[in-house]
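Line by line, the protein sequences are chains A and B. Residue 117 in the numbering used here is what sits at position 108 of the first sequence, and the numbering runs on without skipping anything. Residue 1252 in the numbering used here is what sits at position 6 of the second sequence, and the numbering runs on without skipping anything.
Calculated from the structure, these hints are not laboratory results. Be aware that a few hints might be false.
Heads up, simulated SDA-like pairs for lysine to any residue below, C-alpha to C-alpha not over 25 angstroms straight-line [claimed, not checked]:
(1) A:Lys92 x B:Asp1308
(2) A:Lys92 x A:Ala75
(3) A:Lys92 x B:Asp1343
(4) A:Lys92 x B:Ile1336
(5) A:Lys92 x B:Thr1462
(6) B:Lys1430 x B:Asp1459
(7) B:Lys1430 x B:Pro1335
(8) B:Lys1516 x B:His1368
(9) B:Lys1516 x B:Gly1371
(10) B:Lys1516 x B:Asp1374
(11) A:Lys92 x B:Trp1317
(12) B:Lys1516 x B:His1410
(13) A:Lys92 x B:Ser1345
(14) A:Lys92 x A:Ala104
(15) A:Lys92 x B:Arg1495
(16) A:Lys92 x B:Lys1516
(17) B:Lys1430 x B:Trp1366
(18) A:Lys92 x B:Trp1497
(19) B:Lys1430 x B:Asp1374
(20) A:Lys92 x B:Pro1455
(21) B:Lys1516 x B:Leu1527
(22) A:Lys92 x B:Lys1430
(23) B:Lys1516 x B:Gly1287
(24) A:Lys92 x B:Pro1335
(25) A:Lys92 x B:His1410
(26) A:Lys92 x B:Leu1463
(27) A:Lys92 x B:Phe1378
(28) A:Lys92 x B:Asp1351
(29) A:Lys92 x B:Pro1506
(30) A:Lys92 x A:Thr54
(31) A:Lys92 x B:Arg1396
(32) A:Lys92 x A:Val79
(33) A:Lys92 x B:Glu1299
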Amino acid sequence: MRFFFKFFLFGMLIFSFGCETTPKSSSNDRTALTDTAPIDSPTATLVVHGMGCPLCANNVDKQLLAVPGVQRVNIDLGNGEVKVHLAETGRPTKAQLARAITESGFTLVSIATP
Amino acid sequence: MSLTTLRAVLFAAACAMCFAGESAHAQEPINSPAATQPSTGRWVVRQQVKYLEARRHPITGDDDFSKVVSWTNIAYGVAHNFSMNLSIPIEHERYRDASGARHRDTGLADVTLMGKLRLWQHDFGPIDTSRFSLLAGVEIPTYDHPFSSRGANPIIGGVFTHVHGRHGVNLSGRYKFNTGRGTKFNLGGGRGKADALLYDASYLYRLAPAQYDADTLGAWYGVVELNGIYETNGDNELFIAPGIMYEARTWTIEAAVQIPAWQDLDRRGKTRFIATLGVRLLF
């Protein structure tokens, strides 16, 4: 049992450090991930899948609001639409918005700008 | 609370910070885990108060048990697919011994540090998702008699969550390698000398609103859980637990009652019921 316990703790340690790597993308919109040009419109509409509850939506909300240039976020849980209102200057890139969705733990389907 | 206990708590907190993170939330049942977790850098603090009553202990002869547990769970999202949980139970226990004298004790039970790694995820609709997470952690002894098992107990398991429309299902299993001497009465199970398998199934149904929209600020859920504890000494106890939950965008309130559905216990008192009230806050 003692051997197992040491083995377990060692495994936990590896397990914990292993998770500190850069997260893999969970985005279906592959072009958004590499689009590093600032968005040239005042709003962007994202479609996100997997937000199964109001608390989930708040995770998306908080991750997007942490992106520089994002001023306001409106989430429609019914259709998965996330409308992002952007600042006049210093707007983020699609890649930054895509990464915020990845960090929130959900799947980005698309990003559209008017 | 002894100095040893305090050291154990501080050690657990330090571990949580060092590992930088875990935990729980959305569509999560009340008495068992789900394959959901806070997003990167976010915290979920969950506070539950549990009231348990149990019958006569078959070995010691002590009787008329009741226990109030303040269970605090702090979860932190380390990465998009990994979180850390720290659970801190403070317990108040009352019982009547074989001679009829009444006793009461208050103390800190063993704290649990648990990692949750999401290994698989399939989001197949705006609110539809299937996820599987690996659970691994350790129960850290506080050495606060009679609440501590006085052993570091590794825990490993897995949890599957499926949400489709108004329906949510969670299935989980956790195996606890008990290495210590066990708690004095092992009320509720899983904290004796024998190893324990905790197995749970839950169904959540969104009562209202029927459809989400842009104005949705919260939702009511009806919950039914099956919570089982099998110990390798042969004891087995299965609860059915109806409950209700309201989930807003930054907080959740929950209430449930666990009623024994099946009991085969020779080494601890049979549980009469466990009532739970809880709140969760997302930061």
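Index of numbered hints that the structure contradicts, given in increasing order: Structure breaks hints 1, 3, 4, 6, 8, 9, 10, 11, 12, 13, 16, 17, 19, 21, 22, 23, 24, 27, 28, 29, 31, 33.
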